[in-house]
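Using the sequences and the hints given, assemble the complete structure.
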Amino acid sequence: MFFELMKKELKVYFSNKVNWAFVVVIPLLFIGLFSVALKDYIGADYGTFDDGKEFYYLNVEDGKYVDRLNVIIERLTESTGVCFERVYDIEQAKKDVEKSKAYGVITVNADGYDYYRSPYNETEGGKLIRTMFVEMAQNEIENIKNYPIVVSNNIEVKVSDVDSYAYYTFTALAFTLMMLSVGVSLSIYDEREHQTIIRYRISKGGIWGMLGLKMVVGMIAGAMQLLLSFAFSTFVLGVKWGGKIGWMLLLLMLHNIFAILMAVVLGLKGKNKAISQDMVFLITMLSAYLGGSVTPVYLLENVPVLKLLVKISPLYWTNQALISLYNDILDKKTLYSALISTGLALIMFIIITVGEKKKRVVMIVKETDDKKDKKEEVAA
Amino acid sequence: MLAVMKNTFAVFKTNKEFIMTIVFQPVLLFLLMSVLLPYTKEHSIGVCNESSYESSEYIVDSLNGLDGVRVEEVKKKDLNDKLMNSNIEVAVVIMDNPETNSPVAQVITVGSSEIETAVEAVVMGTNLDKVSDNDIVHVNKVKKKGINISTTLAFMIFKTLTSAMLLGNLIIEERRNKIRDRIFLSGISKGAYLAGMSAVYFLSLAFGTTLFFVIGHLFNFDFGMKYTVGYLIMMWLADLLAVAISLCASALVKTEDSLWVFGSFIIMPMALFSGLLFPYEFMPKSLKMIGACFPNRWIAKGIEIMQRTGGLVEAVPYMLMLLALCIVLFAIATVKTKRVSQS
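Chains as they are written, first to last, in the working numbering: chain A, 1 to 380; chain B, 1001 to 1343.
For the record, the hints were derived by calculation from the structure and aren't laboratory data. One or more hints might be untrue.
Chain A is faced by these chain B residues, among others (derived, beta-carbon under 7 Å) [claimed, not checked]:
hint	residue
1	K1041
2	S1062
3	G1065
4	D1067
5	G1068
6	S1086
7	E1114
8	A1121
9	I1136
10	H1138
11	G1224
12	M1225
13	L1277
14	L1287
Some residues of chain A that are not near chain B, with every Cβ distance over 10 Å (derived) [what the hints assert, rightly or not]:
hint	residue
15	K8
16	I90
17	G238
18	L335
We treat Cβ as the ideally placed atom computed from N, Cα and C, and that holds for glycine.
Here it is as structure tokens:
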């Protein structure tokens, strides 16, 4: 009987093309697209000094400030790759700076320097070069040339292998696993809409029979998504899941169970289909954003408000743990992630149980009232 | 047309959700996203000063004086984690060097960083004697700016395009409930009907856009351009495009549900490739080429050009492209509506 019902549920679930898209297309699209699109960004290769140019204008042909400028030009070119160009029309040069043709214009005077930057659109590279120039220009040539501080190499740092491919394999997968729950939520709402849910409520198996079936279907879809993503990331993107793969799968499955139970709650409580769907989407998108599945989490952690907000997303904990496990580190993050997913799943379970108990009480009271009314009618 | 406009305004008045969704919700979201969207090109440096020499503070001062980078103090025990998780890109650890009786610094990165050598140059160029020629460099003063609008631009364009989907919904609803047929029976032409509703939607969207623009000015947002009105013009064009897309979509699909699918499978990918979730400039060339085909990108490109060149004229080709697309979409919507009505 169970397997017959299961077969039927699976058939219904996979007869919907949108569900197929969620299981197959969305994870591969997200993992592939995000990995490729943010490759340079994750590596912090912003092209800060790309095509960088600085103008300089000499009001005096020689003197200590001209000599100092020459040394600075050498140092800045060497350390940033920015090229310096001498200009002979200062007003035109300023206009060109405003048109982003150069970061700024340095004018060498007999008593020092003037630096002109654009009042509207100074780039990050321009800001850096300006401040580096100001810092260096205040020093004597000997200081600029002689490097008074020795740069030693006695601190060892562990090297992380997390590039955009690895990062988005895990974070986008956790995100799309959560997205899968939309199908479960809609499927439960359909049962409510067609009133079949009432039959389940009064049947021997109770509502958990039906919910269990839908949850198993969700888990099967999740497992399929996991398998596909694993194959795609391993064979196409070249991501090595490493020795802690068992822990990773465990965390992802726990996360999947929580997401499915959340979808069940929203499917049972949503006032209409669109609201149920929107709520699952909204929660998923918000969790994904705060969890670092869309924007790299370190960027979020660098924003003061977001630094605290990210912690309310269950995806944040899952993603953090997955990245640590990928780096072959089994630490508290794994424990936190497992506890949070399990805890949230339990909360959802309690919400469903309490809600269904209330509904049963209401149904029994209604049934008794109906019987009473009928008796009264017969008596009348 | 005026009658249709009045009627649409009446619909807005009776259903406050419309005004909320079209005008105020986008403005609130824009303002919220201006604060919350963290994409930035600012590099981050962690400084760990373990030196007992007073002069080590000069190195910290030099780094703090850098504009265009975020400098934070980091404890040595957190250094590894911060570098591994990319919270900082470059770490500068300052220690004692008893041999020279002066501080030494180590510049650390976990991979390659484009500012590593620049940071090294700053550290090495620090004058530990602090005998320097102060005030010999005069930098022109620039008005201090607040939040940069560039980081939220793609989101704003996306939200503008989706906000107008309500117009499509309303048109389909009126068509389904035969309200539209009654309007046509009263002698109002199809073109006037569409133009009237579009005008009200455009005015509502443009009001929201202008409101954000004014608030942006009040809060000193950084528009990154000489003539900020250029930003407003481009965003008004975005409003117009939003109305045109919505109108066209409502003429092409039959139900409100299909409109939702249209939004998800056409507007969303358009936004994705135009930099909604990740900055356009960091995308690989192939993705950029796809993005460049979408009007979202034309709007953003127009604004970027104005930011870069400081003039409005340079963005005119993009404005014309948008206008042309709007005309085409309006034409499709009108023709399709006429055909459907005739059949």
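Verification of the supplied hints:
Proximity of K1041/B to chain A holds as hinted, the smallest CB-CB distance being about 4 Å (cut-off 7 Å). Contact between S1062/B and chain A, as hinted, is supported at the beta carbon level, the nearest pair being about 6 Å apart and thus within 7 Å. Given hint, G1065/B at the interface with chain A, holds; its Cβ is 6 Å from that chain's nearest Cβ, closer than 7 Å. The beta carbon of D1067/B is positioned within 7 Å of a beta carbon in chain A (closest approach about 4 Å), and the interface hint is therefore held.
Against a cut-off of 7 Å between C-beta atoms, the interface hint on G1068/B holds, since the closest Cβ of chain A lies about 3 Å away. Evaluation of the S1086/B hint against chain A yields a held restraint, the C-beta minimum of about 4 Å falling below 7 Å. The interface hint given for E1114/B holds, since its Cβ lies 6 Å from the closest Cβ of chain A, which is under the 7 Å cut-off. At its closest, the beta carbon of A1121/B sits 4 Å from a beta carbon of chain A; the interface hint therefore holds under the 7 Å criterion.
Evaluation of the I1136/B hint against chain A yields a held restraint, the C-beta minimum of about 3 Å falling below 7 Å. Taking 7 Å as the C-beta contact cut-off toward chain A, the hint placing H1138/B at the interface holds, the least distance being around 5 Å. Evaluation of the G1224/B hint against chain A yields a held restraint, the C-beta minimum of about 5 Å falling below 7 Å. At about 6 Å, the closest approach between the beta carbon of M1225/B and any beta carbon in chain A falls short of 7 Å, and the interface hint on this residue holds.
For L1277/B, the interface hint holds, the least distance from its beta-carbon to any beta-carbon of chain A being 5 Å, beneath 7 Å. Below 7 Å, beta-carbon pairs count as interface contacts, and L1287/B has one with chain A at about 6 Å; its hint therefore holds. The beta carbon of K8/A sits about 25 Å from the closest Cβ of chain B, which is more than 10 Å, so the claim that it is off the interface holds. With a least CB separation of 12 Å from chain B, I90/A remains clear of the 10 Å interface cut-off, as annotated.
In this structure G238/A is separated from chain B by more than 10 Å, as the shortest Cβ-Cβ distance comes to about 17 Å. A cut-off of 10 Å between C-beta atoms confirms that L335/A is not in contact with chain B; the least separation is 17 Å.
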